[in-house]
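Sequence order for the protein chains is Y and U.
When we follow this note's numbering, the leftmost residue of the first sequence carries the number 1, and every step to the right adds one.
When we follow this note's numbering, the leftmost residue of the second sequence carries the number 1, and every step to the right adds one.
No lab work stands behind these hints: they were computed from the structure.
Hints are supplied without guarantee of correctness; some may be wrong.
Here are the simulated DSSO-like pairs of lysine-lysine, each with C-alpha atoms no more than 30 Å apart in a straight line [what the hints assert, rightly or not]:
1) Y:Lys192 - U:Lys204
2) Y:Lys151 - Y:Lys192
3) Y:Lys186 - Y:Lys159
4) U:Lys346 - U:Lys247
5) Y:Lys12 - U:Lys223
6) U:Lys204 - Y:Lys189
7) Y:Lys151 - Y:Lys189
8) U:Lys247 - U:Lys345
9) U:Lys126 - U:Lys261
10) U:Lys288 - U:Lys261
11) Y:Lys12 - U:Lys204
12) Y:Lys3 - U:Lys204
13) Y:Lys3 - Y:Lys242
14) U:Lys204 - U:Lys227
15) U:Lys288 - U:Lys126
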Amino acid sequence: MKKVFTRPRSLKDIPTHYCPGCTHGIVHRLVAEVIDELEIFDRTIGVAPVGCSVFAYNYFDCDMFQASHGRAPAVATGIKRVLPDRVVFTYQGDGDLAAIGTGEIVHAAARGEKFTVIFINNAIYAMTGGQMAPTTLLGQKTTTTPYGRDKEVNGYPVKVAEMLSVLDGTAYVARVSVHDPAHVVKAKKAIKRAFEVQLANLGFSIVEVLSACPTNWGLPPAEALKWLAENMIPYYPLGEYKKPAEVG
Amino acid sequence: MAKILMKGNEAIGEGAVRAGCRYFFGYPITPQSELPHYLAKRLPEVGGVYLQSESETGAINMVYGAAGAGARVMTSSSGPGISLMQEGISYLAGAELPCVIVNMIRGGPGLGNIAPAQSDYFQATKGGGHGDYRVIVLAPASVQEIIDLMRVAFDLADRYRNPVMVAGDGILGQMMEPVELGEEEEIQIPPRPWAATGRMGGEKKLINSLYIVPEELEQHNLKLARKYALITEREQRWEEYRLGGAKLVLVAFGTAARICKAVVDRCREEGLAVGLIRPITLWPFPQKAFEPVIEEAERFLVVEMNLGQMVEDVRLTVNGRRPVHFYGRCGGMLPVAADVVREVKKLYGGEGQ
Numbered sequence: 001m002k003k004v005f006t007r008p009r010s011l012k013d014i015p016t017h018y019c020p021g022c023t024h025g026i027v028h029r030l031v032a033e034v035i036d037e038l039e040i041f042d043r044t045i046g047v048a049p050v051g052c053s054v055f056a057y058n059y060f061d062c063d064m065f066q067a068s069h070g071r072a073p074a075v076a077t078g079i080k081r082v083l084p085d086r087v088v089f090t091y092q093g094d095g096d097l098a099a100i101g102t103g104e105i106v107h108a109a110a111r112g113e114k115f116t117v118i119f120i121n122n123a124i125y126a127m128t129g130g131q132m133a134p135t136t137l138l139g140q141k142t143t144t145t146p147y148g149r150d151k152e153v154n155g156y157p158v159k160v161a162e163m164l165s166v167l168d169g170t171a172y173v174a175r176v177s178v179h180d181p182a183h184v185v186k187a188k189k190a191i192k193r194a195f196e197v198q199l200a201n202l203g204f205s206i207v208e209v210l211s212a213c214p215t216n217w218g219l220p221p222a223e224a225l226k227w228l229a230e231n232m233i234p235y236y237p238l239g240e241y242k243k244p245a246e247v248g
Numbered sequence: 001m002a003k004i005l006m007k008g009n010e011a012i013g014e015g016a017v018r019a020g021c022r023y024f025f026g027y028p029i030t031p032q033s034e035l036p037h038y039l040a041k042r043l044p045e046v047g048g049v050y051l052q053s054e055s056e057t058g059a060i061n062m063v064y065g066a067a068g069a070g071a072r073v074m075t076s077s078s079g080p081g082i083s084l085m086q087e088g089i090s091y092l093a094g095a096e097l098p099c100v101i102v103n104m105i106r107g108g109p110g111l112g113n114i115a116p117a118q119s120d121y122f123q124a125t126k127g128g129g130h131g132d133y134r135v136i137v138l139a140p141a142s143v144q145e146i147i148d149l150m151r152v153a154f155d156l157a158d159r160y161r162n163p164v165m166v167a168g169d170g171i172l173g174q175m176m177e178p179v180e181l182g183e184e185e186e187i188q189i190p191p192r193p194w195a196a197t198g199r200m201g202g203e204k205k206l207i208n209s210l211y212i213v214p215e216e217l218e219q220h221n222l223k224l225a226r227k228y229a230l231i232t233e234r235e236q237r238w239e240e241y242r243l244g245g246a247k248l249v250l251v252a253f254g255t256a257a258r259i260c261k262a263v264v265d266r267c268r269e270e271g272l273a274v275g276l277i278r279p280i281t282l283w284p285f286p287q288k289a290f291e292p293v294i295e296e297a298e299r300f301l302v303v304e305m306n307l308g309q310m311v312e313d314v315r316l317t318v319n320g321r322r323p324v325h326f327y328g329r330c331g332g333m334l335p336v337a338a339d340v341v342r343e344v345k346k347l348y349g350g351e352g353q
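The following block holds chain Y by itself, in its conformation from the complex (with noise of 0.2 Å):
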């Protein structure tokens, strides 16, 4: 009988620690399955944040850094400035990449290094339980913003795609959601061309992936992903923000 669906290469048999309908396993799988598809498994690089994501060290069975919070991107420029010809991705959560690793984050992009990032943005620290993110939404109820976040006092969101796509060091940016199959599918595809971006030595390349916490944003996990699609999508519009003629 002919095997038509197999766990990716590129990740480990092994369960992940992450909570019941949260959204980072599939978002592992497609980024394991574009490092299988386009055939870089054995010169890939990948670099773990800290927060939820940490222990993306253990299921991605390529060689892989852990970094300190918020430095995934000055991590990732060390090893890539080494062996420009490996292929290098950071695997980042909100509070990583939008708070605590701006100045990484903005710099790495603006010198166009040529490396992949995957952000995470799920609207809240999830890890430390459940406060809020630079990407919690105004009036969202976290731990630390129990009345719902206030303009007044925290000030707006941090929309990362739209920020980093005005710099002229990165070379593709996208916002996708995994929060239904035709989605995922989307993701995939930007997830692959981000991929195809950094092995055309184009630049630096980021996909900012919309993902579900139901358990810190206190939803069953069919709910959650509702809640993604009617709040998330409305203030961080999905597509392409930036993308270089050289890929489709």
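Using the hints, position chain U against chain Y.
Coordinates of chain U only, in the frame set by chain Y:
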């Protein structure tokens, strides 16, 4: 080979290149600027990479990436910038990555000033960042010694898979002295089977300092402790200056030690039995230097460009067997030889503390 004139900061750069270092990541700060200026020109000549980072936190994490990818790599800064790097240095120590970090120490605390100081001794030798770790610290006292120690620094970093700090000050960085560079050697960088360079058909490699299970982190801590014990046993370095029969032994490092040599000469001319121990490794502290002199020495005088930091290590070493005194200038001021001579004369032949 003829001697040439070089600034200390430039000598660090040339010494690093000659030691096989091809990667530098750093952020501008006074008083080490001549070093990045030198390497920005020199590294591209030898096929290396000079990259100016967005901050010192960026720089030290680029070092983490480059070191984990198998490179001989360095960064450089001064006081406030080194403070910003401490989280990264802790990660480098935890992940056992070799690298060289230069600190041309300036006056502190806070923004302090840009004048030469030795007030980062505690930070350099007692950890600096979080967690139970050690950094090997080398303290050159001349431009020639910088050239010689840069090779030692990279070799020690590789041998023990540990960060090495080269600690100088603004005077050492900016003064010019004649140096003998010697023949440029072909450097063989030791193989790094642990480096994460892409699997390329091999086993998966991981650069990491996270051990979530306490039993595992304890084992990792104990492994590091065994390494630090080995370094302490094997790598103590110091210079002895006119120690024969010394009744009063000066202890000083770096620029302060140069001043103390003049003090020793003047005292000896006047018939006072004064000598100098100059620690070259600040960590491991050269405790072995003290045992041969402690019988004859009546007392020790530690001279530093701070409020008294290394003096604590001298007291731990002497362990109450002899009085240990301190003389220091701070805030970027230098000890003046005549003042140190006066201090020596006050103590020489006296009794007790």
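Here is how each hint holds up against the structure:
1. Y:Lys192 - U:Lys204: Between Y:Lys192 and U:Lys204 the Cα gap is close to 23 Å, so the pair holds against 30 Å.
2. Y:Lys151 - Y:Lys192: Status violated; Cα separation ~36 Å.
3. Y:Lys186 - Y:Lys159: holds, 20 Å
4. U:Lys346 - U:Lys247: Judged against 30 Å, a Cα distance of about 13 Å means the pair holds.
5. Y:Lys12 - U:Lys223: With Cα atoms ~28 Å apart, Y:Lys12 and U:Lys223 stay inside 30 Å; holds.
6. U:Lys204 - Y:Lys189: holds, 27 Å
7. Y:Lys151 - Y:Lys189: Violated. Y:Lys151 to Y:Lys189 sits at ~35 Å, over the 30 Å cutoff.
8. U:Lys247 - U:Lys345: holds, 12 Å
9. U:Lys126 - U:Lys261: holds, 27 Å
10. U:Lys288 - U:Lys261: It holds: about 20 Å lies between the C-alpha atoms, which stays within 30 Å.
11. Y:Lys12 - U:Lys204: holds, 11 Å
12. Y:Lys3 - U:Lys204: holds, 27 Å
13. Y:Lys3 - Y:Lys242: violated, 37 Å
14. U:Lys204 - U:Lys227: holds, 25 Å
15. U:Lys288 - U:Lys126: holds, 19 Å
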